[in-house]
Amino acid sequence: MPAGHTAGTFSYRNNIKHMRRLSKLEQTRRALERQQAGTKTEQQNNSKDTQDPEDPVLQSYLAYVKDRRTAAKKELEGLELQEAYETYLLKAEQEKSRRTSVNGEKRSTRQSRAHALKLQEIREKRQALAERDPDFFYVSNEKKIRDALHAEREGKLVDVPYLVRAKEQVFASLDAGIPVYLVGHLGSGKTQLAIECAEEYMARRLLQKELTDRMKEYQGDDPYAFFCSIYPKVRDEVKKQELHPYFIAGSHNLTAEDMFFEKTLKLSHASGKDSDREQLQTLIEGFVSFARENEAIMKDMTKDQQLELLLAGWKTFSNLYIAENSGYGTTVEKIEKEVLLALREGKPVIIDEINTIAMANLIALNDILQHHAGQTAYVTGVGSITIAEGFCLIGTGNLSTGTVSYEGTNVLNPAFQSRFTTIVYNYVPQEETGDLNRSEHPERNELFHLLLLHLADKDGTLSLPEPEQSLPALWHLAQMARVSEDIFEGRGSVDTKDGDVPVLNEAVLSVRGLIHVLDHWNFGEEEDLSMALWNGFLSSVTSADDRNLLLSLAVRYGFFTDAGGWHVEARKRGSAPLSFDEIRTMPYRHHLLPLETLSTEDLVHLLFGEGPKRTEIQKDLGDTILFDDGTQKDLDQAQSLDEGIRELEQSADILSDAVRDDARG
Amino acid sequence: MQEDNKEILSEKVRDYRARTAALRARYDKALTTGIFTKDLTEELCALQKEKEALLTECLPLIRRRFLDRMDRAATCTVLVAPKGYQGPLSGEFSGDVLQEAGLSKEELSLIRKLEDGEAKEAELPEDLTEALETRQISCYLAAGDGTFFFVFDEEGNVYLAEDNDGWQVRKDPLFTGILAENAIRETDHSVLVLDADHRVLRLSCARILTPLDAERLPIYG
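Same order as they appear, the protein sequences are chains A and B. First residue of the first sequence? That's 889 in the numbering used here, and the numbers climb one at a time after it. First residue of the second sequence? That's 2 in the numbering used here, and the numbers climb one at a time after it.
Note that these hints are calculated values from the structure, not bench results. No residue lacks a Cβ here, since even glycine has one placed at the ideal position from N, Cα and C. Warning: the hint list may mix true and false statements.
[What the hints assert, rightly or not] Here are the simulated DSSO-like cross-link-like pairs (lysine-lysine), alpha carbons at most 27 Å apart as the crow flies: (1) K1013(A) - K962(A); (2) K1032(A) - K1044(A); (3) K1097(A) - K979(A); (4) K1031(A) - K1127(A); (5) K979(A) - K1055(A); (6) K84(B) - K912(A); (7) K13(B) - K1501(A); (8) K1013(A) - K30(B); (9) K1460(A) - K962(A); (10) K1507(A) - K30(B); (11) K1127(A) - K984(A); (12) K1055(A) - K1346(A); (13) K39(B) - K1501(A); (14) K1346(A) - K954(A); (15) K912(A) - K7(B); (16) K30(B) - K954(A); (17) K1346(A) - K1127(A).
[Unchecked claim] Short derived list, chain A residues pointing at chain B, Cβ under 8 Å: (18) L967; (19) V1312; (20) F1515; (21) L1536.
[Claimed, not checked] Listed next, with one range per pair, are the computed distances between beta-carbon atoms: (22) T38(B) - P1120(A): 23 to 33 Å; (23) E1328(A) - T38(B): 20 to 30 Å; (24) T1503(A) - L213(B): 51 to 61 Å.
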């Protein structure tokens, strides 16, 4: 190498043409993951447009990504622990302020604000990392998927953002000692939400208590380290607890007494040899005890007088005993019911369909609703009762609107309802227009997410028949469901051909209905989505207008196509419902398509978008990998710039030589 | 070139070099993000203009550096020769008449001047004459335009002399065995010569006349 030149000048650097494009490496990496995920299905190895798996640069890159993800996972776990710690401290501080406040409500203090600020910082950091670091983006969203799949397996609701926001509203109200009234339309999941909120509320309280007890034992000078060592175990122990709230199913003939106690006749003894002997024994013991107590009086009597007294006493005693326990002894007993039990034990109670209960009976709850834990409330027929810590009340009710009326429900008395925090919980959000590949905010398509998570395997992969077709179809199914929900809620924006505003009176494709449809579809094993939509939902819609409208909607979203052997004609309101024979134009024959498995990474990107681009690479690959966005234009621009700069560098050498030679003379 | 000017030029070249290195660094960084912003292209354009300007200004110095090193691609082409000449020809004398086929108007015009003896012998600048004397080159004929000359000596050697901020004479002759009777400048890198065998020859060589010529130079060797 000539003097004056160092490595890295244009002659010695990697020509851009020989650099590996990052987009290609990523493509190969994802294809390999998909291959690995697809070993359990009939998936073929599609190696089109990917690089040789044995390529050392690729292997290096794969190892780099693996290490980065391990590090990101640790970082996520660290942030979660920090968040748990600050939450614990905040709640402890709030509880302290509540106990010392005048009205029993928590007050903001300097310490609680410091913890709240810290929590905010941790959450912002987490958000910023997910926006900046592609590996953190992946691990944090992959965890959300795993948690969602776990919830699915447990029969719980999946934590989509809409649900999480609703839960936070519920907890905020319950923490403030205010009961919650969840209202919404059918199939939205209100009851399940109420149950899960109540269980989680109990779990949070138990977790806080357990952590407080254990932290009290610690005497060292690094409480955070101690917290980190105990938290996972305590959390897991609490999860294993069977924590169930009390539950009352509301109805129009439910009375106040049904909620607090019921009176019942209890048979104290049943007929039988042993019970007869027991009764006689009790009688004799009672009489002997009576005689002993009066021994002093009988001492001054003669033996005849004593005998006469004892006989008379026995006769009277046994008559009284028999009278009291007539018919083998039935007693009136009060059995405490759910609300009373919840009050005494400090547990949540859910009153489902609360607005079906007559107002005259609901009023019995008034005094309880306006007092907090630790305070005394008066219950008719029971008296004063101290509300135990941990008691809370959640009511649910269907929301009648102009278009939908739920029979048997009442409008709650405003004064009664004002004692609650009313939270409207309806259908999860979903974009209603546009297609899957051009969604600007994929994270907002929560209904589509629910469908995919319902279909996903427990390991986080997703097997679908021909995903290029299935995914758009599922997307359209979610869109169709959302539009039907809008119409049902009275927010219909879809005009019919006649210009009428569409109305659905009874039927709506809610999440419940969608699950039925998907279960019928069963990954296209015996029927396609159109047939599954018919069998799993539309065929059971009894309202003619509803069925006809829903069929039109389905056609609008690409189902029941003519090419698929269907023909759905639009029908006016008041017409007869379309039957299967009327919409099916030829015998149904199903074509079974092979399943392809999408990897967990594919699922992350489907649900949450592509995430941030990779902007760093390990040093030893730095000169080998070209960061591109996968387009040729990008590469051309980079190449053009590179060539231009090379020419400048060459000229710089010529000029430097010229002036240097001249200086030497 | 005076000392002050040399210093200024060196400073400009250093600055240009530093800016080029900085642009390279910014480009490398952009490679890591895949984002190539407009200012990179703008700086590239600005430096390209600077490069042109510097190369133009440094041409004499560059020529000075490459005068003796570079293969000058010296070429001798026989344009016109008497009948019986076996080599490639553009024109042909037939008796005393110059056959015009294959010759351009400009070439013809110059050849006629050579023939007619109208080509005037170039007047060499004084310092070139001194340089020739120092080299002990006995010049009897020269053709050029004041920035360069082909200098003919009595042994048949033809030397290239250039004004590269001071006259320089290439150490080795470009051509040998050329006994010229007359010579006339044709272009900034070629002359037409009427030799003793009554042939018209074009003598040409590669010269570094533009920044583009300078850019094409090899750096090493």
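Structure-based check of each hint:
1. K1013(A) - K962(A): holds (15 Å)
2. K1032(A) - K1044(A): Given pair K1032(A), K1044(A) holds - Cα atoms ~14 Å apart, limit 27 Å.
3. K1097(A) - K979(A): holds (10 Å)
4. K1031(A) - K1127(A): holds (18 Å)
5. K979(A) - K1055(A): holds (17 Å)
6. K84(B) - K912(A): violated (69 Å)
7. K13(B) - K1501(A): violated (40 Å)
8. K1013(A) - K30(B): Within the cut-off at roughly 25 Å; holds.
9. K1460(A) - K962(A): Answer violated: K1460(A) to K962(A) is near 60 Å, above 27 Å.
10. K1507(A) - K30(B): It holds: about 13 Å lies between the C-alpha atoms, which stays within 27 Å.
11. K1127(A) - K984(A): holds (25 Å)
12. K1055(A) - K1346(A): holds (25 Å)
13. K39(B) - K1501(A): Roughly 20 Å separates the two Cα atoms, so the pair holds.
14. K1346(A) - K954(A): holds (22 Å)
15. K912(A) - K7(B): violated (51 Å)
16. K30(B) - K954(A): holds (24 Å)
17. K1346(A) - K1127(A): With a Cα-Cα distance of about 20 Å, the restraint between K1346(A) and K1127(A) holds, given a limit of 27 Å.
18. L967: violated (26 Å)
19. V1312: violated (44 Å)
20. F1515: holds (4 Å)
21. L1536: Nearest chain B Cβ about 5 Å off; hint holds.
22. T38(B) - P1120(A): 23 to 33 Å: violated (46 Å)
23. E1328(A) - T38(B): 20 to 30 Å: holds (24 Å)
24. T1503(A) - L213(B): 51 to 61 Å: Given about 38 Å between the Cβ atoms, the range is violated.
Checked against the numbered hints given earlier, this structure breaks hints 6, 7, 9, 15, 18, 19, 22 and 24; the rest are met.
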